[in-house]
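Start from the sequences and build out the full structure, keeping to the hints where you can.
Counting with our numbering, you get residues 50 to 379 for the letters of the sequence shown.
Keep in mind that the hints were calculated from the coordinates and are not lab data. As the structure is a prediction and not an experimental result, all values here were calculated from the model. Don't take every hint at face value.
Stated by the list, open to error - Below, simulated DSS-like cross-link-like pairs (lysine-lysine); rule was C-alpha separation at most 25 Å, straight line: (1) Lys101 x Lys67; (2) Lys84 x Lys188; (3) Lys314 x Lys292; (4) Lys141 x Lys188; (5) Lys245 x Lys188; (6) Lys223 x Lys268; (7) Lys223 x Lys188; (8) Lys245 x Lys292; (9) Lys172 x Lys141; (10) Lys172 x Lys98; (11) Lys98 x Lys379; (12) Lys98 x Lys67; (13) Lys269 x Lys223; (14) Lys379 x Lys62; (15) Lys60 x Lys343; (16) Lys245 x Lys156; (17) Lys130 x Lys245; (18) Lys93 x Lys156; (19) Lys130 x Lys156; (20) Lys67 x Lys310.
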Amino acid sequence: FVSPAAALPPKTKVQGYKSGLNFPIDMAWVPGTKKLFFTEKSGKIRILKGRKLNSRPCATLNVNSQGERGLLGIALHPNFKSNRYLYVYFTKASPLQHQVKRFTVRKGRCRQPKVIVSGISAKSNGYHNGGQVEFAGGKLYVSTGEQHDPGLAQDTSNRLGKILRYNPNGSIPKDNPFGNAVWSYGHRNPFGLAHKPGTTKVYSTENGPSCDDEFNVIKKGRNYGWGSGYQCGTRGVGPNPKKPEVRWSNIIVPTDPTFYKGQMKALNGDVYVGDFRGNVRRLIMNSDDTRVRKQRVILRDQGGVTDVTKGPGGWLYLATTTSIKRIVPK
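Here you go:
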């Protein structure tokens, strides 16, 4: 199911783009430009123009960055060019909680902060926080971890261990399945979110505590099987649990993926995901992009990969804990 040796597609190569960075977590390119917004775990929203890093952050948030907490996911509103809205998921230091905050970007500064989602519990252990934000079909998807309390993942009245779905202003869409923000449940630590451009198909990576990291195709109201009593390699718990599309029994810590549709035809039409062991995998999808036919490691030894996304030139960009790199044509 997995190719034994890492191999980039023919006529492509990996090259450095920007080094010397301070733990970038997530990237958001402004479409049609060379401007990149990215989050630093310590609390800064940074701007990269071409390969030049703005000396002044767009914003600095007061975050708790213990363990896996901090400033995590970032997303631009689909109408960013007109409304200038930027969204981030972060762990607020005091009072301790996870929030989604919206900024309006003007002249390189993140202004008019507005809390869109608040009060997501952040327990004292600092782990399994989720932390991604992603737009698909005009809705805002937010991933939350269960904070090492498996019982919460099966509770559809609780926002932990879930994929949440909101309107861009933070209100609850009328077609959500449980009458609240919950879109899917039974998750451990869904650290990554992606969608197929132009569709509402949403994908997630999920970290396990000691086994069974996952890649899932997210569906409305579906139970993804994590909860009290789960055992490694089993079908899952709760009503009608959905088995993962891909399961990695030896944990790899998969991070934020992307569905690639760009200039490099050799890469087109599949999902790419990095992991904290320094690998980048290609998940080769079926014809309707709802199943993974096979997977292939295309890069190794890149350092902890935190995010993969399409950027300027249609190339594939990856963030590590110290740098940004890209896969380009030879």
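Do the hints match the structure? See the list:
Note on Lys101 and Lys67: the hinted pairing holds, with a Cα-Cα distance of about 8 Å set against a maximum of 25 Å. Of the pairs offered as hints, the one joining Lys84 and Lys188 holds, with about 24 Å between alpha carbons and a cut-off of 25 Å not exceeded. Taken as a hint, the Lys314 and Lys292 pair is broken in the structure, with Cα atoms around 31 Å apart against an allowance of 25 Å. With a C-alpha separation of about 23 Å, the suggested pair Lys141 and Lys188 falls inside the 25 Å cut-off, and the hint holds.
With a C-alpha separation of about 14 Å, the suggested pair Lys245 and Lys188 falls inside the 25 Å cut-off, and the hint holds. Between Lys223 and Lys268, the direct Cα distance comes to roughly 16 Å. Compliance with the 25 Å bound is thereby established for this hinted pair. For a cut-off of 25 Å, the pair hint linking Lys223 to Lys188 stands: about 12 Å separates their Cα positions. Simply put, Lys245 and Lys292 have alpha-carbon atoms about 21 Å apart, close enough for the 25 Å limit, and the pair holds.
With a CA separation close to 12 Å, the supplied pair Lys172 and Lys141 stays within the 25 Å bound. Simply put, Lys172 and Lys98 have alpha-carbon atoms about 37 Å apart, too far for the 25 Å limit, and the pair is violated. At roughly 23 Å between alpha-carbon atoms, Lys98 and Lys379 fall within 25 Å of each other, so this suggested pair holds. In summary, the hint linking Lys98 to Lys67 is supported, as the alpha carbons are separated by about 11 Å, within the 25 Å threshold.
Simply put, Lys269 and Lys223 have alpha-carbon atoms about 13 Å apart, close enough for the 25 Å limit, and the pair holds. Proposed proximity of Lys379 and Lys62 is supported: the alpha carbons are some 6 Å apart, at most 25 Å. Under the criterion of a C-alpha separation no larger than 25 Å, the hint pairing Lys60 with Lys343 is consistent with the structure, at around 22 Å. About 31 Å separates the Cα atoms of Lys245 and Lys156, which puts this hinted pair outside 25 Å; it is violated.
Between the alpha carbons of Lys130 and Lys245 the distance comes to roughly 21 Å, so the proposed pair stays at or under 25 Å and holds. Annotation: proposed proximity of Lys93 to Lys156 holds, straight-line Cα distance about 17 Å (limit 25 Å). Between Lys130 and Lys156, the direct Cα distance comes to roughly 13 Å. Compliance with the 25 Å bound is thereby established for this hinted pair. Our distance criterion of 25 Å between C-alpha atoms is met by Lys67 and Lys310, whose separation comes to about 23 Å.
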